[in-house]
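If you want the building blocks of each chain, they are given just below.
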Amino acid sequence: MYRAVKSNPLKRIATQSKRFVCSKYFPEEPIVPTILSSHIPGPVSTKLNNELGEVYSNSATYFVADYFCSIGNYISDADGNKLLDVYCQISSIPLGYNNPELIKAAQSEEMISAIVNRPALACFPSTNYKQILEDGILAAAPAGLDKVWTGLSGSDANEMAYKAAFMYAHSKKRGENGFTAEELKSVMENKTPGASDMVILSFNKAFHGRLFGSLSTTRSKEIHKLDIPAFPWPKTPFPQLKYPLNEYEAENKAEEDRCLQELESTIKNSSKKIAALIVEPVQAEGGDNHATPYFFQGVRDLTKKHDIIFIVDEVQTGVGASGKFWAHEHWNLTSPPDIVTFSKKFQAAGFYFGNPDLQPKQPYRQFNTWCGDPSKAILAKAIYQEIVKSDLVNHTAQVGDYLYAQLKALLGKFPDKVSNLRGENYGTFIAWDCATLEIRNQVLLSCRAKGVNIGGCGDASIRLRPTLLFEKRHADILLSVLEDVHKAL
Amino acid sequence: MSICSQYFPEEPKAPVVATQEHPSVKSKVGIASLGKVFDSRGVYFVADYQKSNGNYIADVDGNVYLDVYAQIASIPLGYNNPVLHEVAQSDKMIRAIIDRPALGNFPGKDAEEIISEILKVAPKGQDKVWSALSGADANELAFKATFFWYQAQKRGYNTEFSSEEVSSVMHNQAPGSPELAILSFERAFHGRLFASGSTTCSKPIHKLDMPAFKWPKAQFPSYKYPLDANVEANKKEDARCLAIVEELFKTWSVPIAGVLVEPIQSEGGDNHASAEFFQGLRDITLKHGALLIMDEVQTGVGATGKMWGHEHFNLSPPPDLVTFSKKFQSAGYFFHDPEIVPNFAYRQFNTWCGDPARMILAGAIGQEIVKHDLSSQAARVGAYLFKKLEAVQSKYPEYMRDLRGKDRATFIAWSLKDAAARNKFLVDMKSVGVNIGGCADDSVRLRPTLVFEEKHADILVAAIEKVLSGY
Chain A
9 MYRAVKSNPL
19 KRIATQSKRF
29 VCSKYFPEEP
39 IVPTILSSHI
49 PGPVSTKLNN
59 ELGEVYSNSA
69 TYFVADYFCS
79 IGNYISDADG
89 NKLLDVYCQI
99 SSIPLGYNNP
109 ELIKAAQSEE
119 MISAIVNRPA
129 LACFPSTNYK
139 QILEDGILAA
149 APAGLDKVWT
159 GLSGSDANEM
169 AYKAAFMYAH
179 SKKRGENGFT
189 AEELKSVMEN
199 KTPGASDMVI
209 LSFNKAFHGR
219 LFGSLSTTRS
229 KEIHKLDIPA
239 FPWPKTPFPQ
249 LKYPLNEYEA
259 ENKAEEDRCL
269 QELESTIKNS
279 SKKIAALIVE
289 PVQAEGGDNH
299 ATPYFFQGVR
309 DLTKKHDIIF
319 IVDEVQTGVG
329 ASGKFWAHEH
339 WNLTSPPDIV
349 TFSKKFQAAG
359 FYFGNPDLQP
369 KQPYRQFNTW
379 CGDPSKAILA
389 KAIYQEIVKS
399 DLVNHTAQVG
409 DYLYAQLKAL
419 LGKFPDKVSN
429 LRGENYGTFI
439 AWDCATLEIR
449 NQVLLSCRAK
459 GVNIGGCGDA
469 SIRLRPTLLF
479 EKRHADILLS
489 VLEDVHKAL
Chain P
901 MSICSQYFPE
911 EPKAPVVATQ
921 EHPSVKSKVG
931 IASLGKVFDS
941 RGVYFVADYQ
951 KSNGNYIADV
961 DGNVYLDVYA
971 QIASIPLGYN
981 NPVLHEVAQS
991 DKMIRAIIDR
1001 PALGNFPGKD
1011 AEEIISEILK
1021 VAPKGQDKVW
1031 SALSGADANE
1041 LAFKATFFWY
1051 QAQKRGYNTE
1061 FSSEEVSSVM
1071 HNQAPGSPEL
1081 AILSFERAFH
1091 GRLFASGSTT
1101 CSKPIHKLDM
1111 PAFKWPKAQF
1121 PSYKYPLDAN
1131 VEANKKEDAR
1141 CLAIVEELFK
1151 TWSVPIAGVL
1161 VEPIQSEGGD
1171 NHASAEFFQG
1181 LRDITLKHGA
1191 LLIMDEVQTG
1201 VGATGKMWGH
1211 EHFNLSPPPD
1221 LVTFSKKFQS
1231 AGYFFHDPEI
1241 VPNFAYRQFN
1251 TWCGDPARMI
1261 LAGAIGQEIV
1271 KHDLSSQAAR
1281 VGAYLFKKLE
1291 AVQSKYPEYM
1301 RDLRGKDRAT
1311 FIAWSLKDAA
1321 ARNKFLVDMK
1331 SVGVNIGGCA
1341 DDSVRLRPTL
1351 VFEEKHADIL
1361 VAAIEKVLSG
1371 Y
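Chains A and P, in that order, give the protein sequences. Every position in the first sequence, counted from 1, becomes a number in our numbering once 8 is added. Every position in the second sequence, counted from 1, becomes a number in our numbering once 900 is added.
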């Protein structure tokens, strides 16, 4: 594919170093987890967290980490425990803790300048910003999308994508005409026609962030949304596939057809113009819900047919974990998405687009003080270059295949406790369901006590979100801990 | 030796004007090239940050401007400040950059220390903080805190959600997604995301084509200048505007949970209001059980002569939330009431919950400001500058109307007769080596760094006179 061609000069080095890629970065990475305290969080962690609570909300703290002592796939806590980390800061550590190549990037002159001289990028960009983008964020761009707008987080990226979609849809409607006097007046009262009455369509169980626009498209859990005013935007069902996939092909196709029909009827029955549809390649927070390329092609076709901007939210799925750089590459769409958003493992956030009309006609509309952060773009560049140099996307695909096969065998032994293993041929982006919320929480706690930091998602699911330097030997440790934990349930 | 000379022994003595046009050749090439992949239509010039120093910003064409715009009011201690350089190279910073934590789940051992540094310069009466990534983000998180608090007041802080709330919220409907409002003011600017955009009321172009919440706008005082000659009229204006706020609380179709206001409306034209006006807002919010949110994104961090702009007002009790960003480099909100932290985990939450790299920088900036008492320096330099500008104003009254910001340090602005005159002035200032910004349609605002001194003020005033003498 297009990226393989781009990365060709580096391929040779990649092949040579591939087998020991993690040891190459982290010769001193622990061989196994170390557990020193009787509980996690241990006494030091608990004490520090209580102190933190005096000044900063600490109610969701798992444990207090020691990042200076964390290394590679292992996170150290304040009590000296070293845990194999397959949660990775909610899926946002790409190349392990204290990666030496990222240290180099952090020590570089361009990074220091970016930290101390943070520009208002859209007014006073630095001489090297274009090059930083071209060597990193843009070099990694999904096929067909050659422009970018940078933001600060996944929520921010999605909301700016919505803004782009609203401005595009209104501009199209307006044609060659400028803003009307009525628009200019009413918008200052937050009223139509100047304020838009168009909507963004999202899916049941989707997660797209927690600011007011993004949260209006988030449908994961009540606790994410309660007490926050929301826009009256529509939602539509996401397929609920049955596993194993090869045993339920017909049912699953029927389910996807049902969801596509519902989608089309939602579009047709919407009293408001749908400016954009947003979808995750895998609904991650919502429970790692997958759908097939057939479904996504169907969504692409319907958005084309009804003139709806198609936004793919790759905040969690992007940057290699699925065994492709961008998860939507698994779909081989007939035409690329209109917008792809990113954040988390890329450290920088923003959205890619191809159609120049997604940039508003007038300047200062898609605009803010900082318009991104060059220090994060420099980090994204270093991350991208290491991923290419060490061929980490293929590496992750291979390790993921191994892990999936082993998990299938292991979890198959506990059919009353776990089910619906998913993420086959999807890198290390793997998840499964526990029979109950209690079992899920017990598994997470027991794993932590045995030295594996692991995360949940959805109502009773467990998700794996390791780094791109996760190897078979790490998988074996994870599998062994999971086996012990499930035997003891 | 002055603080600025200590930090920047090599700071240029004067601007360098190397080209006739601004932007010139290399900047234009850079703008066109960047424009292929990134919207560059708002670019003034392509900057060379390696060559920028202290109060001076260099461009790629060899121009070196005295910068009194400072990245839209967001450079606190000058370009390439050596202390910040040291911080940027510290082990602590490097780890923060490469091991960015999900702070709400896995705070680092040094999180408390980093946050405490920020809290050392918290506004009077505030002792807790929640961190964010930008001013818009900070404001929206403050809105969320306000709505959580407001509903908790009604429901009881520890009361569970009703089943109706739980079922309706997934459809974005009340009562789970309640209809509640944040009241803001005409000409306010609070950001450009969807909720912050709904409270922003600066210019149509900031808002057009975005869905907005139907939240109310009150009127912000429009004072007559000079202030000391218009005391009575301005007092009446305060009363008129407060009456509108009071009226909106009584009549708006949905409950108002919070009032959001800038100590000085900056993007909206550097509109000032009196301590009495702000105390009036404080009283009205208390009376109606709403929170008062001070948006200190632009006014905070020393530029008004106090660390926080609202400290000029001596509000009693202090505001409930104070948001910050820009010159602090890190963003978020300060607060003091423990019940502003929601009752359950994962409500005020997101992946990163801030950025320790930026928080470390904020701590260092705060320390330098305290160590060198840079707020007082800004007050001293601002008073000096204001006096000189008053003299310019008396010579060129048509080009310097409503000079404002007296006793607000370097946070100074004035108006011209219209947008065309203002825009011409901003461009002309570049040709005499000064990078200067506008606000509203017809105003000029000064937003220099905190290491802007009398010698820079002299250069600025001479440059203004040079431009105006040609009009």
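Take these hints with a grain of salt, some might be off.
[Stated by the list, open to error] DSS-like cross-link-like pairs, simulated, lysine-lysine; straight-line CA separation at most 25 angstroms:
id: 1; chain 1: A; residue 1: K369; chain 2: P; residue 2: K1028
id: 2; chain 1: P; residue 1: K1020; chain 2: A; residue 2: K55
id: 3; chain 1: P; residue 1: K1103; chain 2: A; residue 2: K55
id: 4; chain 1: A; residue 1: K458; chain 2: P; residue 2: K1009
id: 5; chain 1: P; residue 1: K1114; chain 2: P; residue 2: K1124
For the record, the hints were derived by calculation from the structure and aren't laboratory data.
For each hint, the structure was consulted:
{"no.": "1", "hint": "A:K369 - P:K1028", "in the structure": "violated (42 angstroms)"}
{"no.": "2", "hint": "P:K1020 - A:K55", "in the structure": "holds (22 angstroms)"}
{"no.": "3", "hint": "P:K1103 - A:K55", "in the structure": "violated (49 angstroms)"}
{"no.": "4", "hint": "A:K458 - P:K1009", "in the structure": "holds (22 angstroms)"}
{"no.": "5", "hint": "P:K1114 - P:K1124", "in the structure": "violated (31 angstroms)"}
Hints 1, 3 and 5 from the list above are not met by this structure, while the remaining hints are.
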